[in-house]
Structures are given as structure tokens and as C-alpha cells.
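Novice: Below, each chain spelled out in residue letters.
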Amino acid sequence: MPVTNQNSVVEIRALRYAVASRVIFDGLDMDIPRGRVTAIMGPSGTGKTTLLRLITGQLLADSGSVKVAGLELSGLARNDLYALRRRMGMLFQNGALLTDLSVFENVAFPLREHTRLPERLIRQLVLTKLQAVGLRGSAELMPAELSGGMARRVALARAIVMDPEILIYDEPFVGLDPISMGVILRLIRRLNDALGLTSVVVSHDVHEISTVADTVFLLSGGKVVARGTPQELQSYPSEVVRQFMGGLADGPVPFHYPAADYFGELLAREDQP
Amino acid sequence: MTLLHDVRESFLGSLTRLGAVTRFLLRLLRQLPGGLKRWELIVAQIFNSGALSLVIIMLCGLFVGMVLGLQGYQLLERFGSEDALGTAAAIGLVKELGPVLTALLFAGRAGTALASELGLMRATDQISAMEMMAVDPLQRVVLPRFLGGVIAMPLLAAIFSIVGIYGAQLIGVQVMGVDSGSFWSQMRSSVDLKDVNEGIVKSFVFGVTCSLIAVYEGYHARPTAEGVGSATTRTVVTSAVATLFLDYLLTAAFL
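Read top to bottom, the protein sequences are chains A and B. Each residue of the first sequence is one higher than the one before, counting from 1 in this note's numbering. Each residue of the second sequence is one higher than the one before, counting from 1001 in this note's numbering.
Think of the hints as simulated: they come from the structure by calculation, not from any bench. On a predicted model such as this, the values are computed, not experimentally measured, just so you know. Among these hints, one or two may not hold up.
Anything over 10 Å on all C-beta distances counts as not near chain A; from chain B, calculated [claimed, not checked]:
#1 Gly-1019
#2 Leu-1029
#3 Phe-1063
#4 Arg-1078
#5 Gly-1080
#6 Leu-1120
#7 Met-1121
#8 Thr-1124
#9 Gln-1126
#10 Ser-1128
#11 Met-1130
#12 Gln-1174
#13 Leu-1212
#14 Val-1236
#15 Val-1241
#16 Asp-1247
Partner residues are not named here, just some residues of chain A that face chain B (Cβ under 10 Å, in silico) [said to hold, decoys possible]:
#17 Ser-44
#18 Leu-81
#19 Ala-83
#20 Arg-86
#21 Ala-96
#22 Leu-97
#23 Leu-98
#24 Asp-100
#25 His-114
#26 Arg-116
#27 Arg-120
#28 Ala-155
#29 Ala-159
#30 Asp-170
#31 Arg-190
Built from N, CA and C at the ideal position, the CB exists for glycine as well.
Start from the sequences, fold in the hints, and give me the full structure.
Specialist: The following block contains the structure:
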């Protein structure tokens, strides 16, 4: 057994995970340092979101070990897993706000479910968190009245309302305009430093991540192919890393999806697929 | 032998699904102790499934009762026993038409709403978000909707039957000229508590069945537009078939 590292919030060892016959991770090792912003990057389809689901216990590894805050997820009872999740916040790709509740009630939701705080205190907590994401004025709006960027900021307020130790972002920049993107980027950094969080950001936006992440893990083919600061990755001596960081269309990750011979397929008769 | 093979496959498929739905029901029932404490959530769902279905239930009940008045009168007149119209309409509605038609209307109005709501919550990650906030979606979202349907169904069926009886009275007494006194007094003397009980048991069973099918299909919908659509369709079709099949079993059991 590897020695537990006090400075890692998440420790993954020899992780193997497969869906049916498709192996997604095989022998993945990863340590996510405490108190930093860590980015997990990789081409689409490398299982970044799957990795998040493994870290949050929504999926269980086939073999290997996933430890979060020192707890091994595979042996965890449901109640213990829920107790652990109260120490985590997660921002989903589209915000995942509860559409039948107002912005205020969405942010208040975890408090109402898990605490018996008086209404006055709930109100103060919710307004403080909404102020932190700059949306205190929208407290009475319904989720359908928000823009994509606003919905994600409300979801962020909801994710931090229980004061988590770990904050997880699933593709936080997808589909945002440059202004909203800048706002979210600044919030990731500010919340991490002000609240003493550990942030994990899954993304494939190389440029944005470079401005905010302390450490980057680059995944490809079910393994970590590179690890380092964004600057180190820019000059990493590997074809895969160079293709990804430089956004090159062809390379170790082929442009073409595997297919039969092109001319053969074009010239084939219709009744002979 | 592809036909035989297909029949066998679809039979086994239905059986597997029945097993899955039953296991889902057991999972739901395990949430009961915690779920019953959230009474305000259940009341909100009784409103959604029950009160919002009231207009359609009353309207359909009125028309069905009016048809019963017309058809019943024509039939009973041949035997010279129009006075029994009240009994015929009341027994038909309380034992049979009330519970069954309410269940079919419930599946179409409230069942589809439940299934598509849960399906969309799944598709937009709201269910996953709750799990990540350490809130059990079965207890917070699914159980109140299920219980709301179970409680609303017998009430709706009772209202359907009552409005239906007045519909039959409207046509039979006001239009066709059946004596008002014998319409009501015959009904009172020949409709037993046993008949009413049969109606109550049926509508309770249909309530459990239709609500369970709706929340099961919605909760397990594939998280795509097409998946939510097909979950909604399956809710209506399965609810209708299950209702009519169970209605036969229950009627036979009450004989």
C-alpha cells in the first residue's frame, strides 16, 4: 500500500475502469494537491468526466484505489459517502439548477436539507454567497430567466454554500461568452484562495486553464501522459502533449475515426455494405 | 421460428421490467419513514397530480354519466324498469367506470407530467446534482410524487363517480323523465357498502400502479430528448394496459 500523502486531497492508484469491453482507465495514478487549483485536461472522449464521477463516488472503480480526504471510496457505505459529499461541492456543466426553485431557494437548498438553521441565518448565508458571485440582485429570479453564465455562477454559489473543502468544476467554460468566461475564471481563483479550498477543474480549454491552474494533468489513452505547471506543459517533450496544447488537427490522436478503406467504401455497390 | 422467438423475447422482457419496477417500489418504500416527515412536499404533489387534474376528471365524469343516463334509459325502458336507472348508473360508475377511467385519465394527464418532469431532471443533471449535495433524490423527489399520486387517485375516482351520477340524473330525470324519487331511493337501497369498497380498493391499486409506472419510467429515462419522449409514451401505454388487466383480476376477486 502506498503511504498516505498528507498534502493530497485525492489519491488515485492503479485505477482501472471499463464500460462493457471499452477500457477507459488502465493503471491511472494521480495525486491532487491540497489548497491548489488542479486542472484535468485531455481530448474529448478520454474520460475526464468519468474520472470526476469516480472521484465523487458516483461510479466505482473496477480495481485500484480512489481515496478522497483519506477515505477509500470503494468500501464506503452510502451514509459515509453522503457525509463525504457534504465536504465537496460540484459545479455541473450546465449548472444543474433545480428548475422549480428560485435562485435564492436553489442556493438555500443544501442548507435546508442538511441543517436546522434559523431562517434569518439561512438568508444571510445565501445572500453572502450570491454576493460573492455577483448575483445578489437576482435572488428572486427563476433559473429559466438566467443566462448560461449566470446559471453557472448561481450553481457555484450553491456549491460553496456548505463551505466545502473540495470544489469540483465539470467543463466550466463550455458555451460561455468571453465576459462570463473571465468572470468564472476569476471566481475559481478567488474562491480557491479566499476559502482555502482545493479546486479540481476538468476542461479542454488550454488557454483558459493556463491562466488559472497551478497544476495540470493531461490524460490520454486512459493514463496520465503529462503532469506539471501550464508553462511546463507548453514545452513538454511529447507528441501527444504538443498536439493537444498546440491544437493540431492530426498527430497521435488521429483526425479520422477508424474506418474501412476510403476508396473501397466509395466504390462499393449499395447492396454490398 | 422467428415469431415464437420474438414472443418469447418480449415476454421475458416484460417479466424483467416487472421485476425491476417491483424492486424500485421496494426501494421507494424503504424511504417511507424519512419521506413521510416531509409532508409539505407530498401536499404539493397531491396538488400537482390531483387538484390540477380536477377539471378534466369532472368534465369526463359528467359526460360519461350523461351517456350512461341515455344508454341506461334506452336499455331499461325495454324491460319497463326505467326506475332502476339510478342503481345501474351508480353501480357502473362506483365499481367500474369511476376507478378505471380516472386511472386512464390520470395516466394521460398526471402520469405523463410526472414522467417527463423526472426525465428532464435526469437529462439536465438535476438528479446527479442532488446526489452530489448528499440529498437522496428518491426521498426528496420521487417518493413525494409517488405518494401524491397514490393519495390523489381514490379522491379523483370518487369525484368522477359523484359527478357521473349527477350527469346520469341530469339526462335520466331532467330530460328522459324518470321519477326523481325512485332514481335516488332505488340507488340508496341497492348500492351496498361492498360496491363502494370495491371501487375504493380498485382506485387505490390503480393509484399505486399508475404513479409507480410514471415515476419509474421518468427516473430511468435515457437523458436525451428522445429518451424522455419514449419514457412518456411508455408511461401511458403501460399504465393503460396494467390498469385494464388489474381491473379484470380485481373484479374477479370481488365476485
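Novice: Each hint should be assessed against the structure and marked as holding or not.
Specialist: Verification of the hints:
no. : hint     : verdict
1   : Gly-1019 : holds (22 Å)
2   : Leu-1029 : holds (17 Å)
3   : Phe-1063 : holds (33 Å)
4   : Arg-1078 : holds (55 Å)
5   : Gly-1080 : holds (58 Å)
6   : Leu-1120 : violated (8 Å)
7   : Met-1121 : violated (8 Å)
8   : Thr-1124 : violated (6 Å)
9   : Gln-1126 : violated (5 Å)
10  : Ser-1128 : violated (7 Å)
11  : Met-1130 : violated (8 Å)
12  : Gln-1174 : holds (45 Å)
13  : Leu-1212 : holds (22 Å)
14  : Val-1236 : holds (23 Å)
15  : Val-1241 : holds (31 Å)
16  : Asp-1247 : holds (34 Å)
17  : Ser-44   : violated (18 Å)
18  : Leu-81   : holds (8 Å)
19  : Ala-83   : holds (7 Å)
20  : Arg-86   : holds (5 Å)
21  : Ala-96   : holds (4 Å)
22  : Leu-97   : holds (8 Å)
23  : Leu-98   : holds (6 Å)
24  : Asp-100  : holds (9 Å)
25  : His-114  : holds (7 Å)
26  : Arg-116  : violated (13 Å)
27  : Arg-120  : violated (20 Å)
28  : Ala-155  : holds (8 Å)
29  : Ala-159  : holds (9 Å)
30  : Asp-170  : holds (9 Å)
31  : Arg-190  : violated (22 Å)
In this structure, the hints that do not hold are numbers 6, 7, 8, 9, 10, 11, 17, 26, 27, 31, in rising order.
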